[in-house]
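A.B. asks: Can you build the whole structure from these sequences, using the hints too?
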Amino acid sequence: MRPEALLEKTPSKRFMGYIYVDLFYRKGKSSGSFEVPIEPGYECKDGSRHYPTTVAVLNVKKSSSDKPTLLLRKDVQTLLHELGHVTHHITSKTKYARFHGPGSCPRDFVELPSQLMEQWSFDRKVLKRLSQHYSYLSPQNLEIWKKEQNDSSANQPPANLADDQIDNILKNKNAASGNYETRQTMYSMFDMTIHEQPSHDAATSFDTTLTWNQMRTNITKVQGEEALGKGWHAGHHQSQFTHYMEGYEAGYYGYTWSRVDAVDVFYTAFKQDPFSSEAGGRWRHTVLEPGSSKDFAEILREFLGRDPSDENFYTSLGLDSKTGMKRRDLSDTY
18 MRPEALLEKT PSKRFMGYIY VDLFYRKGKS SGSFEVPIEP GYECKDGSRH
68 YPTTVAVLNV KKSSSDKPTL LLRKDVQTLL HELGHVTHHI TSKTKYARFH
118 GPGSCPRDFV ELPSQLMEQW SFDRKVLKRL SQHYSYLSPQ NLEIWKKEQN
168 DSSANQPPAN LADDQIDNIL KNKNAASGNY ETRQTMYSMF DMTIHEQPSH
218 DAATSFDTTL TWNQMRTNIT KVQGEEALGK GWHAGHHQSQ FTHYMEGYEA
268 GYYGYTWSRV DAVDVFYTAF KQDPFSSEAG GRWRHTVLEP GSSKDFAEIL
318 REFLGRDPSD ENFYTSLGLD SKTGMKRRDL SDTY
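Letter by letter, the sequence shown follows residues 18 to 351 of this note's numbering.
The hints are simulated quantities; they were obtained by calculation from the structure and are not laboratory data. Built from N, CA and C at the ideal position, the CB exists for glycine as well. Do not take every clue at face value.
Unchecked claim - For each label pair, taking beta carbons as the anchor points, the in silico distance ranges come out as: (1) K145 <-> E165: 21 to 29 Å; (2) K163 <-> W249: 52 to 60 Å; (3) Y68 <-> D224: 46 to 54 Å; (4) G248 <-> P85: 19 to 27 Å; (5) P20 <-> E263: 23 to 31 Å; (6) K112 <-> H253: 42 to 50 Å; (7) E165 <-> H260: 34 to 42 Å; (8) Y151 <-> I186: 40 to 48 Å; (9) H67 <-> Q289: 33 to 41 Å; (10) K142 <-> G49: 23 to 31 Å; (11) R43 <-> P123: 29 to 37 Å.
C.D. replies: As C-alpha cells, then:
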C-alpha cells in the first residue's frame with residue numbers, strides 16, 4: 018500500500034491530497050470495507066492549506082497463482098462505494114477541520130456520495146470502459162491465459178465485457194432487491210427500537226433476540242428458526258451486526274434515506290452521460306466541497322433544482338412510484 022497524490026484535472030494540476038487504497042485481505046486485518054479519514058483539510062493561520070489524507074479499505078482475496086487478482090462486479094461496486102467517501106473527503110474544502118468531509122456530516126447524508134458512486138457500477142458505458150480481460154494487461158498474462166485454454170488455436174476473448182454480458186448484469190440488477198430493501202428497513206427499525214428505550218431498566222431488560230427475530234419475520238416476510246419449532250429466541254444475529262455500536266446508532270436508516278437521494282441525483286444529473294464533467298463539477302462544488310458547513314437539504318435542493326423525490330428510486334427498482342407495483346417497461350432501470 019502506498020499513497021497516491023491526487024491532482025486536479027486542470028492546467029494548473031493543483032494538488033488536492035493523498036489517497037491510500039488497502040485493497041487485499043490479510044490475516045489480522047479488520048474485516049469488511051470502509052473509508053478511514055486520516056487527516057482533514059483546513060485553512061492554516063498563515064492562509065496556506067493543510068491537505069487531506071484518506072484510505073479506502075477492502076478485503077479482496079488475492080490470487081494464489083500467477084493469474085492476476087480478478088474483481089467481481091460486486092467488488093467494483095464496493096470499491097466505488099468507498100471511493101465515493103474518499104472523493105468526498107479529498108474534494109471537501111472548508112476553513113475549519115471540524116466541518117471537513119464526510120466525517121462531519123449527518124447520518125442521513127454521509128452515505129449519499131458513496132451510494133451515488135455505486136450507481137456507476139450498473140451503467141452500460143461505465144462497465145464497458147472499466148472492464149478489461151486480464152490477457153490484455155501484459156504479454157505474460159496473455160501466456161497465462163493461453164496455458165489455461167489447453168488449445169493453442171483458441172481466440173483471445175474481447176478486451177472488454179461483451180454487450181450480452183453487460184445485458185445479463187443489468188437485467189439481474191434488481192434480483193432479490195425486495196428482500197434487500199425490506200431487510201434494510203428492518204435493520205433501521207431495530208436500530209431505532211433499541212436506542213429509544215425510555216430508561217436504563219427498560220434497556221437492560223429489553224429482549225433483543227425476540228425483537229430481532231419477530232421484526233425479521235414481520236417486515237421481510239422471511240421466516241427463521243421459529244419455523245423449525247425452535248421458538249423466537251433461537252440465534253443471536255443482532256450481535257453480529259455492528260453498525261449499531263460503531264457510529265450509526267439511531268442512524269442506520271441513513272443508508273436507505275441516502276440511497277433514495279443518491280438514485281435521484283444519478284437519474285437527474287448523470288444517467289444520460291455518466292462521464293459528464295459539467296455535472297461532476299457541479300456535484301463537487303455544490304455538494305461535496307462544503308462538507309457540513311452548509312445545510313445538507315439546501316445544497317441538495319440547489320444541485321437538483323427542485324425538492325428531492327423518491328420517484329427515481331422506485332423507477333430504478335422497476336416499480337411504479339404511485340402504486341408500488343412492478344412496471345411492464347423496465348428499460349429505464351438499466
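A.B. asks: Next, verify each hint and record whether it holds.
C.D. replies: Results of checking the hints against the structure:
In this structure, K145 and E165 meet the distance hint of 21 to 29 Å, their C-beta atoms being roughly 24 Å apart. For K163 paired with W249, a C-beta distance near 57 Å keeps the hint of 52 to 60 Å intact. Checked against the given bound of 46 to 54 Å, the beta carbons of Y68 and D224, roughly 49 Å apart, stay inside it. Against the hinted window of 19 to 27 Å, the Cβ-Cβ separation of G248 and P85 comes to about 49 Å, which falls outside the hint.
At roughly 26 Å, the beta carbons of P20 and E263 sit within the given window of 23 to 31 Å. Hint check: K112 to H253, Cβ distance near 46 Å, so the stated range 42 to 50 Å holds. Distance hint for E165 and H260: a CB-CB separation of about 41 Å, consistent with the stated range 34 to 42 Å. A beta carbon spacing of about 18 Å between Y151 and I186 contradicts the range 40 to 48 Å that was offered as a hint.
About 38 Å separates the C-beta atoms of H67 and Q289, a value consistent with the hinted range of 33 to 41 Å. Range check, K142 to G49: Cβ separation about 30 Å, and the 23 to 31 Å hint holds. A C-beta distance of roughly 34 Å is found between R43 and P123, which places it inside the suggested range of 29 to 37 Å.
When held up to the earlier numbered hints, the structure conflicts with 4 and 8 and fits the remainder.
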